[in-house]
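Student: Sequence:
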Amino acid sequence: MANWRIFGQKRGKRHEPALAGTPSTPGPTGVRPRRKGRYSLSDAILAGLGLGIGAASFTFPWYVFFHQEQFGVRVVDFDGTEIESDLSGPFYTPRVNWAPQRLTQEEIAELPLDFAPTGTVLPDRTAPDTTGSVQPFPARKPAYALVHVAKGRAMIQDANGFWVVERGSILPDNSRVMAIEKRSGAWILRTSNDDVIEMTP
Numbered sequence: 405m406a407n408w409r410i411f412g413q414k415r416g417k418r419h420e421p422a423l424a425g426t427p428s429t430p431g432p433t434g435v436r437p438r439r440k441g442r443y444s445l446s447d448a449i450l451a452g453l454g455l456g457i458g459a460a461s462f463t464f465p466w467y468v469f470f471h472q473e474q475f476g477v478r479v480v481d482f483d484g485t486e487i488e489s490d491l492s493g494p495f496y497t498p499r500v501n502w503a504p505q506r507l508t509q510e511e512i513a514e515l516p517l518d519f520a521p522t523g524t525v526l527p528d529r530t531a532p533d534t535t536g537s538v539q540p541f542p543a544r545k546p547a548y549a550l551v552h553v554a555k556g557r558a559m560i561q562d563a564n565g566f567w568v569v570e571r572g573s574i575l576p577d578n579s580r581v582m583a584i585e586k587r588s589g590a591w592i593l594r595t596s597n598d599d600v601i602e603m604t605p
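For the sequence shown, the working numbering begins at 405 and goes up steadily by one.
Hint data in this document are derived by calculation from the structure and do not stem from the laboratory. Any given hint might turn out to be false.
[What the hints assert, rightly or not] DSSO-like mimics (lysine-lysine), calculated; alpha carbons at most 30 angstroms apart, straight line:
1) Lys586 <-> Lys545
2) Lys555 <-> Lys586
3) Lys545 <-> Lys555
Produce the entire structure from the sequences given, and follow the hints as far as they go.
Tutor: In structure tokens, the structure reads:
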């Protein structure tokens, strides 16, 4: 039985061999596949998310520094009005004020107490040696650097990190911030140890 599907279809052109002495023409080549880009859409999305997270991580500490009233510790203000509590009812047990009674001399004499004095006797009652060879080295004085000043607060830096301080704050060396002021157009921080910390350029 004849196959009628082949009728009406275009037949491909056969590639005939070249005659002797004539240059051969190249046959039809297939369509070259399209090259994909170096980065796909998912790579671009991941790169954008990484850049966004990095930018947020960089700007968030500065936002907290300039808006400390939103992130600081809030003190709860209690009203001065006294509210009487209802302590009546069948399940309320009144508080019993218990006070110990003093023992009499007869009761003290009956107690099994040991009245022999005890203590530790020092082998040598002379004063300890206070020469410089046995004394500990003095603590190293920390070095601070004034980084930024805004809204009455200052950001300082030492070997352990950054600190946000204000007037009256206690520094890591147990000194206090006495003043944050401007001298000759430059900010300085003065401590209770008479140290003057200047703004770093």
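Student: Determine for every hint whether it applies to the structure shown.
Tutor: Hint check results:
Between Lys586 and Lys545 the alpha-carbon distance is near 24 angstroms, which keeps this suggested pair within the 30 angstroms criterion. Between the alpha carbons of Lys555 and Lys586 the distance comes to roughly 13 angstroms, so the proposed pair stays at or under 30 angstroms and holds. Taken as a hint, the Lys545 and Lys555 pair is honoured in the structure, with Cα atoms around 28 angstroms apart against an allowance of 30 angstroms.
Of the numbered hints stated above, none is contradicted by the structure.
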